Amino acid sequence: GIMLFTQHTDKPGVIGRVGTLLGSRNVNIAGMHLGREKVGGRALMVLMVDDPIDAALLAEIRALDGMETAQVVEL
34 GIMLFTQHTD KPGVIGRVGT LLGSRNVNIA GMHLGREKVG GRALMVLMVD DPIDAALLAE
94 IRALDGMETA QVVEL
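Numbering-wise, this note's numbering puts 40 at position 7 of the sequence shown, and it's gapless, one number per residue.
Do not rely on the hints blindly, as some may be mistaken.
[Stated by the list, open to error] Derived Cβ-Cβ restraints for the label pairs, each shown as a range:
#1 108 / 44: 28 to 34 Å
#2 71 / 92: 26 to 32 Å
#3 61 / 89: 16 to 22 Å
Hints listed in this document are in silico derivations from the structure and should not be mistaken for laboratory results.
For clarity, every value in this text was computed on a predicted model and none was experimentally measured.
C-beta: ideal position from N, C-alpha, C; glycine also.
Generate the whole structure from the sequences, applying the supplied hints.
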């Protein structure tokens, strides 16, 4: 499967912007797990997706406001 791991600031809109970007490229989200250190602190997200995330899309995700890191892993 294909997974997107992100580390970002826990604030409104970050997850939605990631989903909007993926949807605009027809990348379907199959599953999601979230966690955070504290309200407003660092958050982690793992998305399982059905479709590949290319380098250009990954760069757009990394450039989102509040995003610290983003990495794709294919198993």
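Quick rundown of the hints versus the structure:
1. Range check, residue 108 to residue 44: about 30 Å between beta-carbon atoms, so the 28 to 34 Å window is met.
2. Judged by the Cβ atoms, the range 26 to 32 Å given for residue 71 and residue 92 holds: they are separated by roughly 29 Å.
3. Checked against the given bound of 16 to 22 Å, the beta carbons of residue 61 and residue 89, roughly 18 Å apart, stay inside it.
Of the hints listed earlier, there is not a single one the structure fails to meet.
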